[in-house]
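**Student:** Protein chains in written order, with our numbering: chain A, 6 to 408; chain B, 6 to 408; chain C, 6 to 408; chain D, 6 to 408.
No lab work stands behind these hints: they were computed from the structure. Some clues are possibly wrong.
When chains are identical, the list treats them as one kind, so a pair holds in a single copy or across two.
[As the list claims (entries may be wrong)] Keeping only pairs whose Cα atoms sit at most 27 Å apart, straight-line, the calculated DSSO-like set for lysine-lysine is:
hint	residue 1	residue 2
1	258	83
2	258	363
3	363	83
Since we're looking at a predicted model, the values are computed, not measured.
Number of protein chains: 4
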Amino acid sequence: MSVHDPQLQSDVLAARYDEVRTYTRSLVEGLSEEDCQLQSMIDASPTKWHLAHTTWFFETFILSALEQPPEPFDPAFKVLFNSYYVGVGERHQRAERGLISRPSLSEVLSYRDYVDQRMHTALAGRTMSESLLALVELGLNHEQQHQELILTDQKHHFSCNPLWPAWRRTSADQTTQAGCEQGSQFVRCDGGLVEIGHSADAFCFDNELPRHRVWIDPFDIQTRNVSNGDYLAFMAEGGYNRPELWLSEGWDKVCSLGWQAPLYWRYRDGGWYSFTLHGEQAINHDAPVTHLSYYEAEAYARWAGARLPTEAEWECAATSQLPLSGLFDEVWQWTNSAYLPYPGYQPAAGAVGEYNGKFMINQMVLRGSSLATPAGHARVTYRNFFPADARWQFNGLRLARGL
Amino acid sequence: MSVHDPQLQSDVLAARYDEVRTYTRSLVEGLSEEDCQLQSMIDASPTKWHLAHTTWFFETFILSALEQPPEPFDPAFKVLFNSYYVGVGERHQRAERGLISRPSLSEVLSYRDYVDQRMHTALAGRTMSESLLALVELGLNHEQQHQELILTDQKHHFSCNPLWPAWRRTSADQTTQAGCEQGSQFVRCDGGLVEIGHSADAFCFDNELPRHRVWIDPFDIQTRNVSNGDYLAFMAEGGYNRPELWLSEGWDKVCSLGWQAPLYWRYRDGGWYSFTLHGEQAINHDAPVTHLSYYEAEAYARWAGARLPTEAEWECAATSQLPLSGLFDEVWQWTNSAYLPYPGYQPAAGAVGEYNGKFMINQMVLRGSSLATPAGHARVTYRNFFPADARWQFNGLRLARGL
Amino acid sequence: MSVHDPQLQSDVLAARYDEVRTYTRSLVEGLSEEDCQLQSMIDASPTKWHLAHTTWFFETFILSALEQPPEPFDPAFKVLFNSYYVGVGERHQRAERGLISRPSLSEVLSYRDYVDQRMHTALAGRTMSESLLALVELGLNHEQQHQELILTDQKHHFSCNPLWPAWRRTSADQTTQAGCEQGSQFVRCDGGLVEIGHSADAFCFDNELPRHRVWIDPFDIQTRNVSNGDYLAFMAEGGYNRPELWLSEGWDKVCSLGWQAPLYWRYRDGGWYSFTLHGEQAINHDAPVTHLSYYEAEAYARWAGARLPTEAEWECAATSQLPLSGLFDEVWQWTNSAYLPYPGYQPAAGAVGEYNGKFMINQMVLRGSSLATPAGHARVTYRNFFPADARWQFNGLRLARGL
Amino acid sequence: MSVHDPQLQSDVLAARYDEVRTYTRSLVEGLSEEDCQLQSMIDASPTKWHLAHTTWFFETFILSALEQPPEPFDPAFKVLFNSYYVGVGERHQRAERGLISRPSLSEVLSYRDYVDQRMHTALAGRTMSESLLALVELGLNHEQQHQELILTDQKHHFSCNPLWPAWRRTSADQTTQAGCEQGSQFVRCDGGLVEIGHSADAFCFDNELPRHRVWIDPFDIQTRNVSNGDYLAFMAEGGYNRPELWLSEGWDKVCSLGWQAPLYWRYRDGGWYSFTLHGEQAINHDAPVTHLSYYEAEAYARWAGARLPTEAEWECAATSQLPLSGLFDEVWQWTNSAYLPYPGYQPAAGAVGEYNGKFMINQMVLRGSSLATPAGHARVTYRNFFPADARWQFNGLRLARGL
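Isolated chain A, as found in the complex (with noise of 0.2 Å):
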C-alpha cells in the first residue's frame, strides 16, 4: 500500500471495498437460487459459498478485530464459512459445501449487506490501525481471487448438466488474439542476475516477496500464448496417444481419465466444440488454448521442440521491452517452477499466514492473468499456483527455448 496516511488510505479503501463489493454481486446476475447452490467437486465450491465467504474474511479478520465489534451476524457462519484456517478454529468439510441450502442465497446476500454497512461505518470512521487497514486490503484482493474462481468452478458446476445450460447469451469467453494469425515467434531475453519478486511499495501477496536476485541464463520466449490452432496441430499428431511425449503421471492420467482434448471440448459434426458459459461454442482457432493441465501444457512443449519457461524466466521476460502480447488478460500461463517459498519468505503474522504458505507444496505456478481475472488484480510478480492435474481454471502457456 503506497498511500501512508492512514486517514486517506481508509477513505480510498471505502471506495475500493464497494467497487470490489459490488462487482461480485454482479457476477451473479443471470445465476438461479438453485444454480448458486451446485457444487460439482471438491476443487469447486458453490457460488451461494463464495459470496459468504468472502465476507467471511472481513467479518472474521477485520469487524471481530475492532475495539467495539459489530454483533455477528450469526455466530453458525464463524464455522460454516471457515475455508482452511486453522487458527480461526473448526471449520465445514469442504466436500459438502454443497449440501447447505440454509442459509438460503437471499440470506447470505443479507449477510454481504449487513458486513458492508458495517465495514462502511468503521472504514468511514477512519480509525482503523494501519495494520488493521491492510487486512482490508488483503480481504480485497482474496475477494477478487473469489471474483475469479465464481466463475470457473459455476462453469464447472454447469458443465455437468448434459443440458450445458448457458450462463450469459451475450458474448464468448474465447477471444481472439492479438498477432496470432501472423504465427508463433520467439523473442530472446537475454537474463543476467536479475531481481525478481514484489518491492513492496504497494500491496502484495506474502508469496511474492522478498524481491531477491536470480540468476538467468539467456532464453528465448513466444511473442504469443500457444492458440488453439497450435493445439490442434499437437492433437492431429497424435499428442494424447504418445507416451513419449508426457510425463509418467501425465500419461497416467491420459490413459486413466481418458484425456483426449482440452477440458470441455468435445468432436461432433466434423468439428471441435467447447462449453463456454455462453453455452457451447465452435473452437477459434486463434484464440489462446485454455483448461490444459499442466501435464497437457508441458507434453505440447515437449512435442513443440520447446519447453515451459520458468516463472522467473517469465517474470524476467515480462518487465523487459519485449514485443509480448497476451501476458495478461487471456489465460493464466503455466510456468516450469514449483510453488516453494522464495529465499528470506515468511508468512504474514496471525490466522491470515495460513493464506499462502501452508499449500506449498505439489503445485505449479502459472504467471500472468485471464479473462476471468478482475481488472486491476494482477501483477507481473503474481503467483498463482494449482496442482499438475488442474484443468477448469483457464488455464493456457507460451513457450520457452534454451539457446
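Following the hints, position chains B, C and D against chain A.
**Tutor:** Positioned in the frame of chain A, the structure of chains B, C and D alone reads:
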C-alpha cells in the same frame, strides 16, 4: 384393480390421480428451491428430482402410449428424469442428480402442471385401455413410494447441514406407540400350511404375486415394535461393542463407520437426542426405535434372545386375529427374509417389468409401513426392501421367537 | 456322529485324521515355497496359510482343551493363523496373509507334524470327551473345506501370473459330463410338504440343522448341469450385452468389470480357451460350465426361459428317485436361495459357533459339490454359500422351471 | 566416464561389473525364497524382482544391441521385468510384481548367471562402442540404486509381518553420528553466483546436467543431521498435534494416517523402539533421525525456527570448506527443492531417456546418501527424489537458516 368397468375405472382413477398428485405437492411446502436441489448421498435423490421423475413416469408410460400423444414438455427430460429403466433408453447418472440446477424447481412444477392437465384430459376421455389404466394405477402407487422417499431423503439432506435445520416446526416424527408402557409381550401364532402373497383382486406390485403356500412352524411374535427404551438397554449393555452379537459384515460396519447408536442420534448434556424433520428432539423412550440397519436390528434381536420374523411369519401373524399393534404407520419392520422372487413370480411386461424384479439380490424384506408412508398405500402383503446397511429409512423391528 | 462309543469313535477318528491330513499334504505337491506364499486377492489365502490355519484349528480347539495341553508350537501362531474367530482373540489382517514369509513353508510343515503327533497321542489315549471328539470331526470337515480352497485359491493366484503357469501337467480340471451330448432335459419333481435339512444322525454343519418342513410346488428340474456349449449359445446371442437379462447389480458388474465370458476364459485364434490347474486348455463343450458368478448363472437362466431352483427344491429333487446326473463332483450349483438360518437354527456353543452363523447375510446358497471337493465331504443337505459376485470357485448351475 | 580409451574402459568396466553384480548377490544372503517374493505396497518391489530387473537392463540395453546378440534367456522376461520403459514395449503391472512365483528365485539367479556370462564375454572382447560402454556404466549405477532399494523395500516387507522378523542379527542400521553429543551448530555459507551440477567429466545421471550458474544468498547450515534426540523434542512439544507447524497436505496425512512418530517407531514399556533390519531396537538419541516424509522434515524445521536448504544451497555448502559431518552415508537429506529439470536439461537418447526425465513432477529432491547406499555410488551433485509422503527410504534432514 377390482373395478372392471373401464369407464368407471377411469373416473375413479382421475379422482385418485388428483388426490395423489396434490399430496405430493403438499410435501414440498416449507422447502425452498435450494432445499429441493440437495443430494447428500447416491442413495438419496433431490426432492426436485422426485417431483420430476414421478411426472416422467406418467409422461413416458401413459401419455406417450396414447393414440395421439401430446408433445413432450421437453424432450431432454426423457433422459434426465429416467431413474433406471433401461428399456426406455439412456438415463442421467444417479450420483449427479444434485447437479441439475436447470430445469429449476419452478420449471419442474410447470412440467407437473403440463402433464397433469394432459392426464386429466386423457382420463376424462374414458378411452384408455385396461392395460393403460393399470399403468396409471401403477404410476400412482409409484408416486406414493416417492412421497415417502421425499421425506426420508430430504431428512438425510438436511442432516448433513451442521445447523440441523427444522423443516416443519409443528409436530414430531416420533410418536408414542400404544401399549409400550406395559412392556414387551409375545403372542403365539400357530402357522401351518398357509397362503401368503396377494390375491390379485386389487392393485398390487408384481413382487407380491403369486399367492402361494408356505409351511410355517408355530412361533411367538412381539405385540408391539421394539421401542427406543428397549434399544437404549441394548446400548447400555454394550451392544455396539460386543462382536459376538453381530453378523460379521455388521461388525465390520460398526468398526469402520463408528456406529454407536441409530442414525441421527447424538449424545449431549447427559442424554440422547435425534435429528427429526422438526429439528433436534430428545429421545422418546416409548416411541418405536427407527433408523436402524438390518445389522442393528438383527444384533438387537440376538441380544434379546430372540430373532427377526420371516416375511411369511410376519404376514401370517398380521392376518391372524392377534392383538398386534404398530404393524402399520409406525416403522417398517425388518424381517429375516431376503428379497427374492416368490415361486412362480413373473415380472410385468414391458419396461415396467424393471420396476421390481431386477433388484432381487442382496436386499432384505421389510413389512408393515412407517409414519412416512402415505395413507392407503401399504397392505399386509406389501414387500418393502433395502440393503442391509440402509439406515436412512424409517426402519425398525419387532421380535419373533421359535418355541 | 453316529458312533456313540467314545473309544471306538476315537479310533475311527484317528484313522480319518491321518487320511485327511495326509491328503492336504498331497495337494501341495508340485508347489514351491514361493507358490505357497501368493495371495492374489483378499478373498483367496496363501496355500501356506491354509496349511497353518487348519492346524491352528486343532491346536486351538482340541489340544488347548485337553486336561494336560501340550506347549504351543509357537505362541505367536495363535494370532497369526486365526481366521475370524473373535471369541479366540485377536487375528492377523486377512488382506496381509501374503506378507508372512516367516514362518516359512517348512516351518509350517513342522507345525503340522508337531500338532499331528500330539493329536495322534491324544486320540490314541481314547480319553477325549464326546464334545471334544465332535470338535475333532468338525476340524476334519473344516480341513476338507480348506482342501477345496487350496485348489481354487491357488488357481486364482497362478492366473495373475501373465505366463499362466501349469500346476500339474497330468490331466484337466474340465471333465465331460454324462448325457451332455443328448441335450438338455427336464424332469418333474412333485414337491409337496417335504422335510429338508440334516437329521443329525451323523456329522453335519450347524447350518444344515434343524431338519424342518417346507412346502414346495411341483416344478421341473434339468437332468444335468448347464454345459460350456449351452453357455456359449448364451454368449453368442449377446448374453453379456443385453441388460434386460440381468439383475441390476449384475449388469453393473458386467459394465464396470468388463465381463464378457466366465472367469479364466480368453478368446484367441478363433476359439475360447480357459486357464486351468494344468495350464491353458481349449473349452470342452460337453463339460459343465463353471467359474460363474450368481449374476451370470441367473442371467443365463432368464435367457433360457427358466430359473434357478431354490435350495429346498434342489434338495427335494436330489433325494427323489429322479434321473439326475452331476449333482456331485462336477460343479457347485447356484440356487435362488439366500444363505439364511433354517427355522430353529442354533449356532454351536463356544467360539466354533462363529463357524457359520455370522456369515448369514448377502450370500447365496450353492448345492452339490465340485470336482475339487474332497471325496466324502459333501452330502445332499450340504449348504455351501458365496457372495453373488464370487467367480473363482468351481460354481455352475442347473435350471429349474415352474409348471 | 573419464577413461577415453574404449579398450581400457572395457576392462575397467568388466571389473566393476563383477564387483557390483557380486555385491547385489551378497545382499540376498539370509533371505529365503519366500522373503524374496514379498511385495508389501505398490512402491516397494520384491527382492526377486530387483534381481531380475537389473539383469533385464543389461540384457535389453546391452546384449540385445550387440552385433550378434545372444538368445534371450526367456523371451517372456522382456515384458515381465520391464519396470517403466515404454520405449521398450509392454510391461507387467507394478502392483502385481508380488504375484510372480514363477520364475522362481533360483531361476532368476540362473538368469543372472546367464547374462553375467554373456556380459563378461562381450566386455572381454573389447569391441563395444563407446555409447554401449556408457550404457554398461549406466546399468551398473542403475543396479546400485536397486541395491539400496532391496534394503529399503525388504525392510518394509518385513515390517508388515507382525512378528517383526530380523533379517540379520549382526549389527544395527542405526549409527551414532559424529559430533551429535556436542549439540546442533550452524555454519555460514557465503553463496554468491556459483555453479552447481555435474561437469560431465565422469559418469553421472542425466538429471545432474548441465552444470549451470545459480545465485545463492548467504545462509547458515547445520553441521550435522537432525538426530533422534532432536526429533523426540519436537514430538514432546506436540509436533504431531499442532497444525500450524505443517503444510496443509502434511497435516491431512497426519490426521488421516494417524502419524505420531517416524515410520517403524513404536512406543512400549516407557520408551520408543523402532523396527530395523536387525529386529526391534531402542531408539539411539545420537543417531540421525530417519524414515521421515518431506512433510515431517519440513514441519520439524518450522518448529526449530529454521528451514530446509535448497538443493543448490546444499551442494554449495557441501563443496565449500565447511566442517559438515554426515553429508554422506547416514541419511538422505530432504531439500526444499522440487525435482525439476536443470536449465538446458536434455534426457539421454533412446529408451534410457525415460530413466529420469519423465518423473520430474510432484517429487522433492534429497541430497547426500544413506547408510544403505552402496560405496562409491553417490556424489555431491547427485539428485535423489521421492514424493513428499515417502517414508520407507532412509530419509532425514539437516537444517538451514537465512540471515
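**Student:** All hints are to be evaluated individually against the structure, with a verdict given for each.
**Tutor:** Here is what the structure says about each hint:
no.	hint	result
1	258 to 83	between (38 Å within a copy, 25 Å between copies)
2	258 to 363	both (26 Å within a copy, 14 Å between copies)
3	363 to 83	within (21 Å within a copy, 45 Å between copies)
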